[in-house]
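Chemist: Listed below, chain by chain, are the residues.
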Amino acid sequence: MIAYIIRRLLIAIPVLFGISLIAFFMVRLVPGDTVTAMLGNSYTPEQAEALRAQYGLDEPIITQYILWLTNVLQGDFGFSHFTNTPVLEAILLRLPVTIELALLSVVIAVILAIPLGTIAALKRNSKFDYGASLFGMLGISIPNFWLGTLMILFFSLWAGWFPSGGFVGLYESVWGNLQSMILPAIALGTAVGAVAMRMTRSSMLEVTNQDYIKMARAKGVSSRRLITKHALKNALVPVVTVLGIQTGYLLGGSVVVEQIFGLPGVGQLALQAITNRDYALLQGTILFIASAFVIVNLIVDIIYGFLNPQIRY
Amino acid sequence: MKKWFGLLVLLVIVLAGCTNPENAEQDSESEGDTGSETAAEGGTLTIADLSEAESLDPHVVTDAASMRYIENMYNTLFRYVPGEYGEIEGDLVADYELSDDETTYTMTLHEGVTFHNGDALTSEDVKYSIERIIEKGVRANQFSEVESIETPSETEVVITLSEPVAPFLTFLAYPMNTVVNQTIVEENGGELDNADAGSGPFKLDSWTKDQEMVLVKNEDYFKEGKPHLNEVVWRSIPDATARSTAIRNGELDILLQAQPQDVDLLDQAEGVNVESVPGTYWEYMGMNVEAEPLQDEKVRQAIAWALDRGAINEVVKFGEASPLLSGNIPQNHWAHLEEDIYPEPDPEKAQQLLEEAGYGDGLELSMKVSTNQSQIDAAQVIKQQLEEVGIMLDVVSQEDSVFFEALGSGDFETTVVGWVGFVDPDEFLYNIFHTEGMYNQQNYSNEEVDQLLEQGRKEMDQEKRAEIYAEAQKLIAEDAPMAFLYANPQISGVRDRVQDFVVDPTVTTISLEDTKVE
Amino acid sequence: MNEIWYQFKKNKIALFGLGMTVMFIIFAILAPLIAPYDPYEMSTSDSLAGPSLAHLMGTDQFGRDILSRIIYGTRISLQVGIISVGISLVLGTLIGLVAAYYGRWVDMVLSRFTDVLFSFPDILLALVIMAILGPSLTNLMIAIGIVYTPIFARIARGAVLSIKSSLYIDAAKSMGVSNRKIMWKHILPNSMAPLIVQVTLSFAFAILAEAALSFLGLGVSPDTPSWGIMLSEGKNWMETAWWIAVFPGIAITLAVFSFNVMGDGLRDALDPKLKNESS
Numbered sequence: 001m002i003a004y005i006i007r008r009l010l011i012a013i014p015v016l017f018g019i020s021l022i023a024f025f026m027v028r029l030v031p032g033d034t035v036t037a038m039l040g041n042s043y044t045p046e047q048a049e050a051l052r053a054q055y056g057l058d059e060p061i062i063t064q065y066i067l068w069l070t071n072v073l074q075g076d077f078g079f080s081h082f083t084n085t086p087v088l089e090a091i092l093l094r095l096p097v098t099i100e101l102a103l104l105s106v107v108i109a110v111i112l113a114i115p116l117g118t119i120a121a122l123k124r125n126s127k128f129d130y131g132a133s134l135f136g137m138l139g140i141s142i143p144n145f146w147l148g149t150l151m152i153l154f155f156s157l158w159a160g161w162f163p164s165g166g167f168v169g170l171y172e173s174v175w176g177n178l179q180s181m182i183l184p185a186i187a188l189g190t191a192v193g194a195v196a197m198r199m200t201r202s203s204m205l206e207v208t209n210q211d212y213i214k215m216a217r218a219k220g221v222s223s224r225r226l227i228t229k230h231a232l233k234n235a236l237v238p239v240v241t242v243l244g245i246q247t248g249y250l251l252g253g254s255v256v257v258e259q260i261f262g263l264p265g266v267g268q269l270a271l272q273a274i275t276n277r278d279y280a281l282l283q284g285t286i287l288f289i290a291s292a293f294v295i296v297n298l299i300v301d302i303i304y305g306f307l308n309p310q311i312r313y
Numbered sequence: 001m002k003k004w005f006g007l008l009v010l011l012v013i014v015l016a017g018c019t020n021p022e023n024a025e026q027d028s029e030s031e032g033d034t035g036s037e038t039a040a041e042g043g044t045l046t047i048a049d050l051s052e053a054e055s056l057d058p059h060v061v062t063d064a065a066s067m068r069y070i071e072n073m074y075n076t077l078f079r080y081v082p083g084e085y086g087e088i089e090g091d092l093v094a095d096y097e098l099s100d101d102e103t104t105y106t107m108t109l110h111e112g113v114t115f116h117n118g119d120a121l122t123s124e125d126v127k128y129s130i131e132r133i134i135e136k137g138v139r140a141n142q143f144s145e146v147e148s149i150e151t152p153s154e155t156e157v158v159i160t161l162s163e164p165v166a167p168f169l170t171f172l173a174y175p176m177n178t179v180v181n182q183t184i185v186e187e188n189g190g191e192l193d194n195a196d197a198g199s200g201p202f203k204l205d206s207w208t209k210d211q212e213m214v215l216v217k218n219e220d221y222f223k224e225g226k227p228h229l230n231e232v233v234w235r236s237i238p239d240a241t242a243r244s245t246a247i248r249n250g251e252l253d254i255l256l257q258a259q260p261q262d263v264d265l266l267d268q269a270e271g272v273n274v275e276s277v278p279g280t281y282w283e284y285m286g287m288n289v290e291a292e293p294l295q296d297e298k299v300r301q302a303i304a305w306a307l308d309r310g311a312i313n314e315v316v317k318f319g320e321a322s323p324l325l326s327g328n329i330p331q332n333h334w335a336h337l338e339e340d341i342y343p344e345p346d347p348e349k350a351q352q353l354l355e356e357a358g359y360g361d362g363l364e365l366s367m368k369v370s371t372n373q374s375q376i377d378a379a380q381v382i383k384q385q386l387e388e389v390g391i392m393l394d395v396v397s398q399e400d401s402v403f404f405e406a407l408g409s410g411d412f413e414t415t416v417v418g419w420v421g422f423v424d425p426d427e428f429l430y431n432i433f434h435t436e437g438m439y440n441q442q443n444y445s446n447e448e449v450d451q452l453l454e455q456g457r458k459e460m461d462q463e464k465r466a467e468i469y470a471e472a473q474k475l476i477a478e479d480a481p482m483a484f485l486y487a488n489p490q491i492s493g494v495r496d497r498v499q500d501f502v503v504d505p506t507v508t509t510i511s512l513e514d515t516k517v518e
Numbered sequence: 001m002n003e004i005w006y007q008f009k010k011n012k013i014a015l016f017g018l019g020m021t022v023m024f025i026i027f028a029i030l031a032p033l034i035a036p037y038d039p040y041e042m043s044t045s046d047s048l049a050g051p052s053l054a055h056l057m058g059t060d061q062f063g064r065d066i067l068s069r070i071i072y073g074t075r076i077s078l079q080v081g082i083i084s085v086g087i088s089l090v091l092g093t094l095i096g097l098v099a100a101y102y103g104r105w106v107d108m109v110l111s112r113f114t115d116v117l118f119s120f121p122d123i124l125l126a127l128v129i130m131a132i133l134g135p136s137l138t139n140l141m142i143a144i145g146i147v148y149t150p151i152f153a154r155i156a157r158g159a160v161l162s163i164k165s166s167l168y169i170d171a172a173k174s175m176g177v178s179n180r181k182i183m184w185k186h187i188l189p190n191s192m193a194p195l196i197v198q199v200t201l202s203f204a205f206a207i208l209a210e211a212a213l214s215f216l217g218l219g220v221s222p223d224t225p226s227w228g229i230m231l232s233e234g235k236n237w238m239e240t241a242w243w244i245a246v247f248p249g250i251a252i253t254l255a256v257f258s259f260n261v262m263g264d265g266l267r268d269a270l271d272p273k274l275k276n277e278s279s
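Chains as they are written, first to last, in UniProt numbering: chain E, 1 to 313; chain D, 1 to 518; chain B, 1 to 279.
Because the hints were derived from the structure by calculation, they are not lab data. This structure is a prediction, so every number in the text was calculated from the model and none was measured. A few of these clues could be false.
As the list claims (entries may be wrong) - No farther apart than 20 Å at their CA atoms in a straight line, the calculated lysine to aspartate or glutamate pairs in the EDC-like style are these: (1) 349(D) with 411(D); (2) 209(D) with 251(D); (3) 12(B) with 172(E); (4) 298(D) with 479(D); (5) 516(D) with 231(D); (6) 209(D) with 100(E); (7) 458(D) with 231(D); (8) 136(D) with 172(E); (9) 464(D) with 448(D); (10) 349(D) with 320(D); (11) 516(D) with 156(D); (12) 209(D) with 172(E); (13) 474(D) with 500(D); (14) 127(D) with 84(D); (15) 223(D) with 388(D); (16) 209(D) with 59(E); (17) 10(B) with 129(E); (18) 136(D) with 100(E); (19) 209(D) with 219(D); (20) 127(D) with 156(D); (21) 127(D) with 187(D).
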C-alpha cells in the first residue's frame with residue numbers, strides 16, 4: 001500500500017511541475033497586460049512602459065519564471081494588481097465560496113444519483129429505468145449556464161423565492177447564504193448527479209449480476225438487505241471515484257455558473273484575471289485550480305486503493 | 001507635448017458590461033407604508049453600483065466605480081455644485097483670489113477641518129496632496145503648469161501657475177483630487193488602497209471586497225449639521241437583472257447608472273422613482289485617420305452621413321440618449337454647438353462621397369469594440385446601416401485590456417467607444433482632437449483646430465471660450481475623425497424614502513452629505 | 001457493419017439522436033431555403049416581438065427573427081463540432097499512438113503531458129487559449145480542439161496498448177514491417193471503435209464549449225447567429241423577452257442530447273464491453 005501511495009505521489013510531482021510551466025508560460029503568451037487594463041481608454045505607450053517597469057514586467061521571461069516558481073514554493077504567489085491584494089490572499093478569500101458550492105453540488109448530486117441509479121438498476125428496462133436514463137442524458141446535455149438562467153427566470157423573477165444573484169456571506173446570514181447558493185448548486189449538481197446516476201446504475205447492474213449476489217439471493221437473503229448491505233456497498237466504489245473527480249473539477253470553481261449568479265468564487269476570479277490581464281492572478285488561480293484537481297485525484301486514488309485492494313498495482 | 005489635461009476620464013468600460021433590460025410582468029414587493037413619515041437624522045442608506053472599486057486610493061484610481069466608493073470619504077479644494085453641471089464651488093476652500101495676470105491663486109481654507117483620525121487639515125496637507133497626485137502620475141498632467149505651492153499660514157495656500165489655465169478650478173474640483181492625511185499615507189507605506197486618509201462626511205468602517213463597503217457618519221465633519229445619514233452601504237451588483245430586482249424589492253435605496261432598458265421596469269415598480277438627467281457620457285464611432293481608406297476625409301464624411309443616429313439610439317438606448325448631430329459637447333453644456341452638422345442621415349450623399357473618393361464599388365473596414373454590451377449592440381446596427389451604402393464592416397469584440405491597447409496604439413480602423421466625466425470643454429476636446437493630444441487615438445490633425453484649442457485653454461472669459469469651442473467643434477465634425485453618436489442620460493433608480501440625493505451628470509455622488517432617509 | 005446497425009437500431013433513444021442529427025445537418029445545409037428570414041436582417045419596428053405566426057420564436061432587440069438565427073446557428077455549431085473534434089482526434093490519436101507504440105520515456109513524457117492538460121478545467125483552459133489567440137471562430141475551434149485532445153490521447157493510448165501485445169503485431173514485426181506501417185495499417189484500424197464513440201461524444205462537448213465561450217463574450221463576432229451568443233444576449237432580456245434565451249437553449253440541449261445518446265448507442269453497439277466506461 002505504501003509503495004502504491006509513493007508511486008502515485010511520484011507521478012503527481014512532474015505533473016504539478018508541468019502545470020506550473022503551462023500556467024506560467026501560457027499566461028505570458030496572452031497579449032495585453034495588467035497595465036493596459038489599468039489604463040483603459042487613457043492608454044498611451046509611454047504611460048504603459050513606465051508602469052511595466054514598475055511591476056518588473058520588463059525582465060527576461062525565464063528570469064521571471066524562476067523567480068515566480070521560487071516564490072510560489074515559498075507560498076508567495078505574487079501580487080494581484082486587479083484586486084490590490086497578494087494573489088494567495090485573493091484566492092483564499094474566494095475559496096470558501098467555491099468549496100461550499102462544490103460540496104452543496106455534490107450533495108445534491110448524491111441525493112439525486114444514488115436512489116435513482118439504484119432503483120433504475122433494480123427495475124431494469126422498466127418505465128422508471130427509461131425515465132431515469134432520459135433524465136441522466138438530459139442532465140449531461142443541458143448547458144449549466146442555461147439551466148442557471150432558466151432557474152433565475154422561474155424561481156427568482158416569476159416566483160420570487162430566491163434572489164436572482166449576488167452573494168451573502170455565511171457569517172452574515174446562514175439562511176441568506178443558503179438562498180444565494182442553492183440555485184447555482186442545482187445548476188452544477190444536475191450534471192454531476194446525472195453522471196453519477198449513470199455510473200450507479202451500470203455499476204449496480206454489474207454487481208447484481210455477479211455470482212456472490214446470485215448465490216446470496218439463492219440462499220434466501222432478503223432483497224432489501226441484499227441491496228443495502230452487499231450490492232450497494234460494492235457498487236458505490238466506482239461512483240465514489242466519479243464523484244471524487246467531479247469534486248476536483250468543482251473545486252476549480254465553475255467559471256460560467258459563478259459568473260451568472262454573481263458568486264465571488266475562484267472561477268469568477270480566474271475570469272476576472274483573464275479579462276483584466278492580471279498575469280500574477282491568472283497564473284496563481286490556474287496553478288491553484290489545476291493543482292487542486294491533481295491533489296483531489298491523488299486522494300481519490302488512494303481511497304480507491306483502500307476500498308478496492310484488488311486494483312493495487 | 002503639453003500633458004496638461006486629462007483624465008477626467010472615467011472610462012466607459014465601467015458603464016459597460018451589462019446593458020440589460022428587464023421589464024416585468026412582476027409585481028414589485030413594495031414596502032407597504034410610505035409617505036407618512038418624514039425624513040429625519042440618521043438611518044442607513046444602501047446604494048449600488050455596477051462594479052466593485054479596485055482600490056480606495058483617490059490619487060491612483062482610474063475606474064468610475066472606485067471613484068464613487070472613495071469620494072464621500074474625502075474633501076477636495078473645490079467641488080462640483082451637485083446637479084449644476086459645469087458649476088464649481090469651494091469645498092475646503094472658503095474664499096480665493098486670482099491675480100491680475102491670471103496665474104496666481106490665493107486660497108483660504110475653512111477653519112477647524114479635521115481628518116478622520118483627529119489631525120487638523122492644514123495648508124501643508126494641501127501641498128502634500130498635490131505633490132502626491134503629481135508623483136502618482138495618473139492625473140499629474142492636470143498640474144503640469146503648477147510652478148509653486150506656498151503655505152504662508154495654516155489656512156492659506158498660494159498656487160502659482162506658469163501660464164493661465166482656464167479649467168484649473170475644474171481640475172481642483174475633480175472628486176479624486178482630494179486632500180489626504182500625510183500621517184495615514186505614511187502609516188500605510190505610501191499606499192491608500194485599503195485605507196481612509198480623508199476628512200469627508202463619511203468614514204470607512206469596513207470593506208469586504210465583492211460584498212459591501214460600509215461608511216459611517218463623520219461626527220466631527222466641518223460642515224455644521226452634515227451629514228444626515230448614520231451609515232452608507234455600497235454594494236456592487238454587476239448583473240443587471242439582479243440589480244433591478246434588488247431595488248424593486250427594497251434591498252437597495254439607490255441604484256446608480258440604471259441602463260436605458262431598465263427605465264420602464266423601474267418606473268412601474270412601486271416605491272421607486274427614476275431620475276434621469278442629461279449626462280456627460282458620450283459615445284462615438286472612431287475612425288483611424290491613418291488607416292488607408294479612412295485617410296480620405298470623404299470616406300469619413302460618408303460614414304458620418306450614412307449613420308442614422310436616431311435609429312441606433314432607438315434600438316440600443318431605447319431612445320433615452322440624445323443623438324449628437326453637431327459636436328461632442330452635449331446640449332446641457334454652455335459650450336454646446338447649436339448648428340447641426342449632420343441633421344438627417346443622407347445615404348445618397350454618403351454614396352456620392354464614396355464615389356468621389358473612388359470607392360463607388362464599396363469597401364471593407366474592420367471595427368473593434370470592447371465587451372461593453374451597448375457598444376457591441378451599436379456596432380451591429382452600424383454594420384447594417386453602412387452595408388446599405390456599400391461599406392462592409394467586420395466587427396470584433398475584444399476583452400477590454402486588449403481593446404484599449406489596440407485603441408491607444410492606433411491598431412484599429414474603426415471603433416465604437418465613449419468618454420465620460422468631462423466638465424470643462426477643454427477636457428472634451430484638447431486631449432482628444434489636438435494633434436499632440438494624449439488621447440488622440442484617431443491620429444487626427446488639423447492646424448486650425450489645434451490653434452483654437454490652445455487659445456481656448458488660456459482664455460478665461462466664458463463667452464469668448466464658447467465661441468472658440470463652437471468653431472473648433474464645427475471643424476472637427478466636418479473633418480469627421482469621429483462620427484459622434486449620442487450623449488447618454490445619467491439614470492438612477494431612487495426609492496421613495498430617500499430625500500435630497502442629486503443625480504449628477506458627471507455621476508458624482510457627493511450630494512450624499514445632504515441626503516436623508518425616512 | 002450490419003450487425004452494428006442491428007445493435008444500434010435496437011436502442012430507440014439513440015435512434016432518435018441519429019434522427020435529430022440528420023435533421024440538424026439538413027438545417028445547416030439548407031438553411032437559406034428553410035429559414036423564413038435573413039438571420040442578419042434588422043427591423044426596428046419588430047424589436048422584441050413575442051412568438052407569433054410571423055415570427056414563430058419571436059424576435060430579438062434588433063428585430064431579427066430568432067427561428068432563422070437558430071437555423072443558421074446549426075451551421076456554426078456543426079462547423080465548430082467538425083473542426084474542433086477533428087483537431088482533437090488527429091492530435092490526440094497521434095500523441096496516444098506514439099506514446100503507446102514507443103513506450104518508455106516517450107510514453108512517460110507524453111502521458112504526463114496529457115495528465116497536465118487534463119488537470120485544467122476545460123472551459124478555463126479554452127478561455128486562456130482564446131485569450132492568447134484572440135476572438136474569432138477559427139481560434140475558438142482551435143481552442144476547443146486543444147482542450148479535448150488529452151481525452152483522445154488517453155483512449156488511443158489505451159486501445160493501442162491492448163492491441164500492441166497481440167500476436168499478429170508481433171508477427172508483422174518479425175516479418176520486418178516498418179514501425180510506421182504497423183501503426184498505420186494494423187494498430188490504428190483496430191483502435192477505431194472507442195475513438196469513434198469518443199468523436200460522437202466530443203461533438204456534444206464541442207457544441208457546449210462553443211456556447212459557453214460565446215456566452216462569456218469571448219467567442220465569435222457579435223452578430224454571428226451562434227446559439228451561445230444568442231443565449232448570452234437573451235440572458236439580458238429574461239424578464240421582458242424570455243424567448244430570446246429560451247429557444248437557443250433548447251436548440252443547444254437538443255443537439256448535445258442527440259450526440260450524447262448517439263454516442264452511447266454507438267458504444268453499446270460497437271462493443272458491449274465498453275459499456276461501463278464513463279463518458
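Chemist: Now tell me, hint by hint, if it's right for this structure.
Modeler: The hints, checked one at a time:
A hinted pair counts as satisfied when its Cα atoms are at most 20 Å apart, and residue 349(D) with residue 411(D) does not qualify at roughly 29 Å. Between residue 209(D) and residue 251(D) the alpha-carbon distance is near 19 Å, which keeps this suggested pair within the 20 Å criterion. For the proposed pair residue 12(B) and residue 172(E), the alpha carbon gap of about 51 Å is over 20 Å, so the pair is violated. The hinted pair formed by residue 298(D) and residue 479(D) meets the criterion: a straight-line CA distance of about 9 Å does not exceed 20 Å.
With a C-alpha separation of about 11 Å, the suggested pair residue 516(D) and residue 231(D) falls inside the 20 Å cut-off, and the hint holds. With a C-alpha separation of about 18 Å, the suggested pairing of residue 209(D) with residue 100(E) holds against the 20 Å cut-off. The straight-line distance between the Cα atoms of residue 458(D) and residue 231(D) is roughly 43 Å, outside the 20 Å bound, and the hint therefore fails. In summary, the hint linking residue 136(D) to residue 172(E) is not supported, as the alpha carbons are separated by about 37 Å, beyond the 20 Å threshold.
Between residue 464(D) and residue 448(D) the alpha-carbon distance is near 17 Å, which keeps this suggested pair within the 20 Å criterion. With a C-alpha separation of about 28 Å, the suggested pairing of residue 349(D) with residue 320(D) is violated against the 20 Å cut-off. The straight-line distance between the Cα atoms of residue 516(D) and residue 156(D) is roughly 33 Å, outside the 20 Å bound, and the hint therefore fails. For the suggested pair residue 209(D) and residue 172(E), the alpha carbons sit about 14 Å apart, so the restraint of at most 20 Å is met.
For the hint linking residue 474(D) to residue 500(D), the alpha-carbon distance of about 39 Å lies beyond 20 Å, and the restraint is violated. At roughly 28 Å between alpha-carbon atoms, residue 127(D) and residue 84(D) are farther apart than 20 Å, so this suggested pair is violated. The suggested pairing of residue 223(D) with residue 388(D) is violated, with an alpha-carbon distance near 59 Å, which exceeds 20 Å. For the hint linking residue 209(D) to residue 59(E), the alpha-carbon distance of about 31 Å lies beyond 20 Å, and the restraint is violated.
The hinted pair formed by residue 10(B) and residue 129(E) meets the criterion: a straight-line CA distance of about 16 Å does not exceed 20 Å. At most 20 Å may separate the alpha-carbon atoms for a hinted pair to count; residue 136(D) and residue 100(E) exceed this at roughly 40 Å. At most 20 Å may separate the alpha-carbon atoms for a hinted pair to count; residue 209(D) and residue 219(D) exceed this at roughly 26 Å. Restraint check for residue 127(D) and residue 156(D): the C-alpha separation of about 11 Å stays at or below 20 Å, so the hint holds.
At roughly 19 Å between alpha-carbon atoms, residue 127(D) and residue 187(D) fall within 20 Å of each other, so this suggested pair holds.
Checked against the numbered hints above, the structure violates hints 1, 3, 7, 8, 10, 11, 13, 14, 15, 16, 18 and 19; every other hint is satisfied.
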